[in-house]
Amino acid sequence: MADDKFPGWHGTTIIGVRKGGRVVVVGDGQVSLGQTVIKGTARKVRRLNPGGHEVVAGFAGSTADAFTLLERLEKKLEAAPGQLARASVELAKDWRTDKYLRNLEAMLIVTDGADLFVITGAGDVLEPEHNIAAIGSGGNFALAAARGLIETDLDAEEVARKAMAIAADICVYTNGNLTVESISK
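Residue numbers (numbering that gives the first Met the number 0): 0 to 184.
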């Protein structure tokens, strides 16, 4: 994801796959500046536990911005325990209307094992079709690959891992150093 303040910053692919009663969120570890890989082992998928209700979140974009959003999401989840949809909508509303938050450049994939959402700074909370969500510079490659694999006998993690391998082969801003988090409801 390019950043207007730091031209040439790119990086990341995050995918969430729901299949067989389980949701797996996988993120690569690459952060690039122009033609240079700055870091290959970034951890962009996290497990949150606000109020004892587990949520898995993956982010693309500015790391500092994403952590700000994750902190806000945790607060929304503490105010509405176990209600990921409500907390996500509240975060998106704040993100869209708050002067400070409006300038944050990141996207999130969040899941509690039942719901799976993409949250954007445009105020969107999107529940993906086909039980697959993907964001970041290689997101469309991973999404296309996962859509081709979702109807096979592969489980959610296998679909996500194979989709990420395909994205890493195509997108120069995506690598194969993966963080994998799984959650069931």
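Certain hints may be false.
Have a look at the derived ranges for each label pair, beta carbon to beta carbon [stated by the list, open to error]:
# : residue 1 : residue 2 : range
1 : G175      : Q34       : 33 to 41 Å
2 : G175      : G19       : 21 to 29 Å
3 : R42       : T119      : 35 to 43 Å
4 : A164      : R101      : 13 to 21 Å
5 : G147      : F66       : 28 to 36 Å
6 : I169      : T35       : 13 to 21 Å
DSS-like, lysine-lysine: derived pairs with alpha carbons at most 25 Å apart [stated by the list, open to error]:
#  : residue 1 : residue 2
7  : K74       : K92
8  : K98       : K74
9  : K74       : K38
10 : K161      : K74
11 : K184      : K38
Calculated from the structure, these hints are not laboratory results. The model shown is predicted, which means the values in this text are computed figures rather than measured ones. Virtual Cβ for every residue (Gly too), placed ideally from N, Cα, C.
Lying within 35 to 43 Å: is that true of the beta-carbon distance R42 to T119? With Cβ atoms ~22 Å apart, the hint is violated.
Sort out whether K38 lies within 25 Å of K184, counting only the CA atoms. Violated, at about 34 Å.
Between the alpha carbons of K161 and K74, is the straight-line distance 25 Å or under? 34 Å, violated
If I claimed the Cβ atoms of A164 and R101 lie 13 to 21 Å apart, would that claim hold in this structure? 36 Å, violated
For I169 and T35, compare the CB-CB distance with the range 13 to 21 Å and indicate the outcome. Hint holds: Cβ distance 19 Å, inside 13 to 21 Å.
Would you say the C-beta atoms of G147 and F66 sit inside 28 to 36 Å of each other? 33 Å, holds
Need the status of pair K74, K38: alpha-carbon distance at most 25 Å? 30 Å, violated
Is the hinted range of 21 to 29 Å satisfied by the C-beta distance from G175 to G19? 24 Å Cβ-Cβ, so the 21 to 29 Å window holds.
Against the 25 Å threshold, does the CA-CA distance of K74 and K92 hold or violate the hint? Given that 25 Å is the threshold and the Cα spacing comes to 14 Å, the pair holds.
Has the hinted range 33 to 41 Å been met by the Cβ atoms of G175 and Q34? Violated - the Cβ-Cβ distance for G175 and Q34, about 19 Å, lies outside 33 to 41 Å.
Would the pair K98 and K74 pass a check requiring their Cα atoms to be no farther apart than 25 Å? 18 Å, holds
When each numbered hint is compared with the structure, violations occur for hints 1, 3, 4, 9, 10, 11.
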